[in-house]
Structure formats: C-alpha cells, structure tokens
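Make the full structure from the sequences, and use the hints.
Chains X and C, in that order, are what the protein sequence lines are.
For the first sequence, position 100 (counting from the first letter as 1) is numbered 151 according to our numbering, and the numbering increases by one without interruption.
For the second sequence, position 46 (counting from the first letter as 1) is numbered 693 according to our numbering, and the numbering increases by one without interruption.
Treat the hints with care, as some may be off.
[What the hints assert, rightly or not] Here are some, though not all, of the chain C residues that point toward chain X, as calculated from beta-carbon distances under 7 Å:
1) Thr701
2) His703
3) Thr747
4) Thr750
5) Thr757
[Unchecked claim] Pair ranges (Cβ atoms, derived):
6) X:Gln157 / C:Val817: 17 to 25 Å
7) X:Arg169 / C:Ala779: 33 to 41 Å
8) X:Gln157 / C:Arg728: 37 to 45 Å
Calculated directly from the structure, the hints in this document are not laboratory data.
All residues carry an ideal CB built from backbone N, CA and C; glycine is no exception.
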Amino acid sequence: MDARIVVIDDDADLRKALCWMLRLDGFEVSEFSDATEAISRIEGGLPADLILLDLMMPRMNGWEFCTYRAQSSVLTKVPVIMITARQSIVPPTGVSEILLKPFDPQLLQAVIARTLARPSVSGQE
Amino acid sequence: MPPGGYGADPNIGVIGDVLRHLAEIGAGRTSITDADLANAPSDLIRELLVGLLTLHEDLHYERGLRAGAEQQSDGLVADLRAAVAARDEFLSVASHELRTPLTTLRLVTTTLARALAHSPSENGSDLARQIAVINRQVVRLETLTAALLDVSRITSGRLALHLEPVDLGVLVHEIVNRFRADQTEGAPLIEFQSDSSVTGQWDPSRIDQVASNLIANAVSYGKGAPFQVSVHAVGDAARLIVRDEGIGIAADQRLRIFERFERAVSSSNYSGLGLGLWIAKQIVDAHGGQIEVDSELGRGATFTVTLPRSRAIDGSA
Chain X
52 MDARIVVIDD
62 DADLRKALCW
72 MLRLDGFEVS
82 EFSDATEAIS
92 RIEGGLPADL
102 ILLDLMMPRM
112 NGWEFCTYRA
122 QSSVLTKVPV
132 IMITARQSIV
142 PPTGVSEILL
152 KPFDPQLLQA
162 VIARTLARPS
172 VSGQE
Chain C
648 MPPGGYGADP
658 NIGVIGDVLR
668 HLAEIGAGRT
678 SITDADLANA
688 PSDLIRELLV
698 GLLTLHEDLH
708 YERGLRAGAE
718 QQSDGLVADL
728 RAAVAARDEF
738 LSVASHELRT
748 PLTTLRLVTT
758 TLARALAHSP
768 SENGSDLARQ
778 IAVINRQVVR
788 LETLTAALLD
798 VSRITSGRLA
808 LHLEPVDLGV
818 LVHEIVNRFR
828 ADQTEGAPLI
838 EFQSDSSVTG
848 QWDPSRIDQV
858 ASNLIANAVS
868 YGKGAPFQVS
878 VHAVGDAARL
888 IVRDEGIGIA
898 ADQRLRIFER
908 FERAVSSSNY
918 SGLGLGLWIA
928 KQIVDAHGGQ
938 IEVDSELGRG
948 ATFTVTLPRS
958 RAIDGSA
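In structure tokens:
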C-alpha cells in the first residue's frame, strides 16, 4: 500500500504544491493549514505514515506540535519531516529530518523515501 | 581674591593667586568676580585679572564647541552603525522571506514538467521548454537569495564550516560536469585536469560554491573562448586554478573585485550583485587558504585558490 502523508502548512500555495507533487509520486495525501486540526484528525483515526510539518504557523507552530506529539501515543509513532526557512534551528524532539527552504524537490523525495524506509516506520501497523 | 584683598601690598601673593586662578580656569571654572576687577589695587593687577577672565571665557567657549562636535560625531557614528545594522537586518529578512515563495515556485515548475511528461500534448515540447526556462530562472533567484543570506551570515560571523574528507579533484570534476550539462549551444568548452587524490579536510558544499563561482565567472567573462580548470597537490596544500582568455581585469580593479558589492565590469553590461568573489574569499579565508588573481585587461584572468589540506579551524568566519 502507498504510504499516507499528512502535510501541515499554513501557506496554501506551498501546501498545495507539496500535495500535488506527493500525489504524483503515488502517496495518499491529507493536508491541513492548522496543526491543531491535524492533531485532532490523526488522533481521531486518520491514517498517517509520515508528517510534513511547517515550522512557523500562527495557531500552533512546529515546536509546539512536536512538544504535543511527544506526549501523544498516536502521534509519537508517526515520523516528522520539518520544512523551514529558518537557518540553524535546533531540531525539535522527534523530528527525523529538517529540510531548509528552498530545496530541490528531488531532495524532498529522497528524504521521504529514507524516512519511510526506517524500521520504526515500516514496522508500524 | 586673597584674604584681606589685594589692598595692602599688591605684590604680595599675586603670583600665588594667579597660579590659583589658572588652576581653577584649567578645571573649567573661576572665582574672579566683577567686584575683584573694580577693587583691583592697581591697573596691572586689573589687567591681569581681565586677562585671566578672558582666558577662562575663551576656554569655556572652546570646550563648548568641542563637546558639541564630539556629540555630533558620536551621533553620526551611531547613525552609521544603525544604518549598517538596518541594512544587514534587511538583507537577512529579505533573503529569508524569499525562501518560501521560491520553494513553492520550484515545486510547481518541477511537478508541472513531470505532469506534462506523463500526459504529452500537441504543444507539449514548447511548454516543456518554457517550464525549463522558469526552472532555470528560479534556480538563479535561489542563487541570488543564497548570496544575500551569505552576506548576512558572514557579516554577523555565522558562516559555519562542516569539514569532512574531500577529494578536491573529484569534487571539481563533478562541478565542471554539472556546468557542461547545463551549457547551451555555443557555450565555451571547459577543459579539466587534476592530479590524482588531492584530498583534504574541507566543507564540500562551500568549496563547491567557490569553484562554481570561479567557473561561472570564466563562462561570463571568458568571451566564449575555451577555458581551463585544474586541481593540483602542492605539498601540504591543494590548488584550484581557473584560467580564462577573456576580458581580463585592470590592475586597479584586481584587489577591489574581492570586496563586497564591487565589480570590475560595468553593471550596464554584465548583471550580478558583485558578491560572488567576496563570498568566495570569505569561504577560502575561513578554510585558512588564499584566493588570488593574475590578470591584465583584455588578456584573460587566472584565479588561484590555495587550501591547506589539513588544518585546525574554528569552524566560523
């Protein structure tokens, strides 16, 4: 089965562009502009094998999402790739990879493949 | 005024009093009053007191002028520092804010090209060519943005080096091949030559930036003539040489080109920010190396980068 990716980014154009590329790559994609809504949907049963997370968001930012994630038995199983324009940030707890904007789309594909191939991910379900 | 005034014997204590008045004047004050002038026992002492008062007033006036000038100068320095800080802050914020729209553009154009390849249409090849143009321009914008960000990083001392074992010949060969692959019709031929195993401890992405800048300059200013890129091991150092037969650099410009926002060519003829060689020099300096140019106007240019092959580096520039 194709992996299911959740994209959380408040920038609609970037989020749509990410989703378009990921769907073309054969992933099943869900998108959220608000991290709290994503949390509620994933904890409510939305299948997720990977989360692409923006850092700077208005209601709940990427750091706050990761702090919450560390306490959540459901979310903690889902690896997170963070996307940010901020240089030299300390990776929040549980973040597998950080992609610095602007990135080559091929790099994003490679990072997703690498993250999904890790035993902690493939061993889920 | 001495106890008992100057009355009884005008000469007694006059020298001591003058010295006392001078000391007071030196400290920026005076105790000479109008009454002292009126009651002076002789014209000579009155003239002396008037002279001391004039001296005090002149000094007071000069001190005022100097303090004003210092204050003005301090203000100008503070204004200048604030302007430089504002410029650096602007560069940092602007380059940072450009990163998200650039990411979106790159994702959309790349995916558009892929989507088009999956569903060929009548004018598909025209569209693919136009998308490739957009992609190239996005990459160009990314490069410019990265240069601006590097300026703010370097000026604030945040250029971090990530050292690892690198074979300079292999790295530069890859860069040359990248340039060859990107070149359009009529582009200059790039000749490459390297000693074997020119290894050292360097930051590969930053050395890539240096070599790419020098090669891009040779493409831009090389008048379309073939140019040479070579890598050599020279004792404890590695040397990268980029030699072109292009427009060259006048003697008075040779040092200036390594300065920020400086260019040896007219901005009306050649585009660019004038940051590439400055950034390249900062990167080479951070590695403990040197970058030099040998050139004459109209006779091409040879850029030589010398890098120590192993060196304890503090990791920042």
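To test your reading of the hints: which numbers does this structure violate? 1, 2
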